[in-house]
Amino acid sequence: MVVRPFDIDGLRARVWAGGSPAPFSRLSSMAISLDGCLELACAARQWSTGEPAELVARWGEELPFVRRAIEAFHAPPERTHELESVELWRIGSANDWLDETEGQQFLVRFARALRHRGFPVPFANGLGKALAEMTDNVLQHSGSESRKPALAVAGFHVEQEWMTFAVADTGRGVLERLLSNPRWANITNSTDALAAILERRATSRVNEPEGHGFPELFRALAKRNSVLRFRSGDGCLTFNGALSTPTFERASSPPMNGFQLSVICALKEVPKSRSADAQPIT
Amino acid sequence: MFVIQMKSGKESHLYGASIGELHREKILKQVGPVLEPGEAGEIVVLDFTGVESVTASYLKAALLWFVDAGTKAEDPLPAERLGSLIFPVVAHLTDEVRAELRELLQARDRCCIEARDFSAIGVISGILHGPLDPALEATVKVLSDYGAPVSAGELEKLGKDSRVRATGWNNRLAQLHRLKLVQRRQEYRQWMYRLVGLEVHRG
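Protein sequence lines correspond, in order, to chains A and B. Residue 85 in my numbering sits at position 85 of the first sequence; the count goes up by one each step and never skips. Residue 1185 in my numbering sits at position 185 of the second sequence; the count goes up by one each step and never skips.
Note that these hints are calculated values from the structure, not bench results. This one's a predicted model, so the numbers in the text were calculated from it and none came from an experiment. Accuracy of the hints is not assured; some may be wrong.
[Claimed, not checked] Listed next, the in silico DSBU-like pairs over lysine-lysine satisfying Cα-Cα at most 35 angstroms (straight line):
{"#": "1", "chain 1": "A", "residue 1": "223", "chain 2": "B", "residue 2": "1007"}
{"#": "2", "chain 1": "B", "residue 1": "1026", "chain 2": "A", "residue 2": "148"}
{"#": "3", "chain 1": "B", "residue 1": "1007", "chain 2": "A", "residue 2": "148"}
{"#": "4", "chain 1": "B", "residue 1": "1141", "chain 2": "B", "residue 2": "1029"}
{"#": "5", "chain 1": "B", "residue 1": "1160", "chain 2": "B", "residue 2": "1007"}
{"#": "6", "chain 1": "A", "residue 1": "148", "chain 2": "B", "residue 2": "1010"}
{"#": "7", "chain 1": "B", "residue 1": "1029", "chain 2": "A", "residue 2": "148"}
{"#": "8", "chain 1": "B", "residue 1": "1029", "chain 2": "B", "residue 2": "1007"}
{"#": "9", "chain 1": "B", "residue 1": "1010", "chain 2": "A", "residue 2": "223"}
{"#": "10", "chain 1": "B", "residue 1": "1160", "chain 2": "B", "residue 2": "1141"}
Given the sequences, and given the hints that come with them, work out the whole structure.
In structure tokens form, the structure reads like this:
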């Protein structure tokens, strides 16, 4: 089977425009990665009626893991979906991170999967911290109140010396959240909002000089072969750490609620492009 | 003095602001009832025994919040008023937790004392983490050498630094109090200051 890269934005754009279902006949021969599954699941949450809903339903038929991701949004917080080295977890409340709750166990299994598949312990620990921070961002910022998050799912997929994790919520999105801090009132679009939080450590907290979550992410992945994707509203930024001069690449994305991010990291091979590097979930 | 175990269950990794906020609320609930406005406040040892690693967001919410409490808003919220009376000290840090703490303190221009030896009564010895103005650092050393509550006037009389008068000492001590490195109590018409630890050295 020829595995072709999966274009998440392209597919959603076609549905957004009331597009043809033709591409769906080819879905099963495409390489859909974890971030794609979660973004499609977010779209399914948003497009729950009308023609888009019917199209979205077909994703589930063609791609079982997308169906599992959609189901994960409806699952109780303590429920996890495990498929060997792939796991999904519906983000619940802050209490899920205490003691031996599912949130803690999810992180423990992620770190263990990394260590068992060739990731050095310090790097595995750093990635564990980064995933925890990204998940905590959902708790802190996605809902109308802190620690009352919007519907959200986190997941990881770990193979030998290769891993990806993704966190996707259906909440307020980065722009709306950032505008609650008057310091960033001049920002007018989602791409600039993403750039502000990622490049300038902007935070929605009025009394805080800067945010700490994303620096944790970039510190964990410093000088690694990694590709990071951040999507919110109609904005999208990607960061290719493998380039000699890593920079953020701006792009537009079909509008969708919430904030979705993914990290792909390979220990050895230098990824040529993001989509070529994404490993499929079958 | 209170000693709070930060590892309450089996979690050995404390990540994210949300857990930090939960732990902060636990500390306020436990210590709050004994706090009296106008008093010197309480030293609270955050004991990290069994905690392998933390993130900056966690430390910011569970520790640094107490350092900053009540200093920003003119009319602080009730929780911040209570927090302003808590003098946090950390203990039993792993190298990884200590490195994370130092990095955060450097980035936020704050200080914190790590207790090396403490009892139910107080912190006997500790090390200072985080950047500090040289004059304030020298004052910490003076207080550590003196080892007892002292006023600005007494420091002038002691002649520890002939260039500094009582007003100068008073300014330095007030700044150290704002940084939560010293406690103060009013006796008659003067403030008496003492370090949060009896003996404090640079870490």
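Next on the checklist: Need the list of violated hint numbers for this structure, in ascending order.
Outcome noted: Going through the list in order, the structure violates hint 5 alone and respects the others.
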